[in-house]
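Take the given structure of chain U and dock chain P to it, following the hints.
Each chain, letter by letter, is given below.
There are 2 protein chains.
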Amino acid sequence: MAQLDDLDRAILRLLKEDARLTISEIAERLGRPESTIHFRIKKLQEKNLIERYTIILGEDLRPKSLGFLYIHARTPVIEDFLEKYIAHIVKTLAMLPNVLLVARSGSSGVVALIGADSWEKVENFVKETIEVLPGLETVELFPVDSFEKGAGIVGFLVDV
Amino acid sequence: MAQLDDLDRAILRLLKEDARLTISEIAERLGRPESTIHFRIKKLQEKNLIERYTIILGEDLRPKSLGFLYIHARTPVIEDFLEKYIAHIVKTLAMLPNVLLVARSGSSGVVALIGADSWEKVENFVKETIEVLPGLETVELFPVDSFEKGAGIVGFLVDV
Chain U
146 MAQLDDLDRA ILRLLKEDAR LTISEIAERL GRPESTIHFR IKKLQEKNLI
196 ERYTIILGED LRPKSLGFLY IHARTPVIED FLEKYIAHIV KTLAMLPNVL
246 LVARSGSSGV VALIGADSWE KVENFVKETI EVLPGLETVE LFPVDSFEKG
296 AGIVGFLVDV
Chain P
146 MAQLDDLDRA ILRLLKEDAR LTISEIAERL GRPESTIHFR IKKLQEKNLI
196 ERYTIILGED LRPKSLGFLY IHARTPVIED FLEKYIAHIV KTLAMLPNVL
246 LVARSGSSGV VALIGADSWE KVENFVKETI EVLPGLETVE LFPVDSFEKG
296 AGIVGFLVDV
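Those protein sequence lines, which keep their order, are chains U and P.
Read the first sequence against this note's numbering and you will find it ends at 305, with the numbers running on by one and no gaps.
Read the second sequence against this note's numbering and you will find it ends at 305, with the numbers running on by one and no gaps.
Okay, chain U solo, but in the shape it has when bound:
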């Protein structure tokens, strides 16, 4: 874990809330000179602690229904195939617009976040795109409904 002091943390929190804040606005809110804030942000960027600046898209651009998907592949007779097969599934899923997020899960699993305009469409996507894949042992789909924390991820992940 990188070492941050209270001022670094305060700056990062303000920028997380609103990355458009100017140096002088941050300086005023935190009661520190602009030169200090400027220097700290420069350092945070140089150390890649701030990786990038981005926008969160609003609700009208986000899919209405979300599902978290877990896939587990059966171990094939020739085990080498497993690695290649999982790599193939992950790459294929990543190209589909309904797949907001995809990652490997252990040596024979894949997790993904699926988005669509209705729960029925999420289920159909899984039925038609995932369940037809050969060699799967388990396909589990969990609805992701009202967020208590982290709601912004959908506006972060969605493409336009």
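If you're looking for bench data, these hints aren't it; they were derived computationally from the structure.
Certain hints may be false.
Given that identical chains are not distinguished, each listed pair holds provided it fits within a single copy or across any two copies.
No more than 16 Å apart at the CA atoms, straight line, and that leaves these computed lysine to aspartate or glutamate pairs for EDC-like [unchecked claim]:
id: 1; residue 1: K161; residue 2: E196
id: 2; residue 1: K236; residue 2: D150
id: 3; residue 1: K188; residue 2: D205
id: 4; residue 1: K188; residue 2: D151
id: 5; residue 1: K266; residue 2: E293
Remember, predicted model here, so these are calculated numbers, not experimental data.
Positioned in the frame of chain U, the structure of chain P alone reads:
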């Protein structure tokens, strides 16, 4: 779904990549007048299609291991309790720093993303904080390993 034309989409894509781009930089890249870009961004913000501007924290500030958690509560004798119990679990989890994201899943489920410095710590957190909750029927934990798409969510969700 909100109506966007190609210019709106092009602007949103550029801002998703780098929200620090100035109006004149965007205008130059897209070969359109600054006044047009200014007007479009203003409209996108007014319609809340751009919800906010934020930063993605770098790797050194992110937990090294992630797990996706699904909890399913047993239906109690008095069904009214279920709603209150799920609401309580969700609120409690949202306050914990290891819980990066938490949402309801159907009427008796909860999904969460758990982060910690090692997989062992993720598992311990689940054992000590989740599995001790009364009235749970299922607790499933799936490792979230290398991302193929959506890696930035951790840098978006993590607190400092």
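Hints versus structure:
no., hint, in the structure
1, K161 with E196, "both (12 Å within a copy, 13 Å between copies)"
2, K236 with D150, "neither (40 Å within a copy, 29 Å between copies)"
3, K188 with D205, "between (36 Å within a copy, 14 Å between copies)"
4, K188 with D151, "within (15 Å within a copy, 37 Å between copies)"
5, K266 with E293, "neither (24 Å within a copy, 23 Å between copies)"
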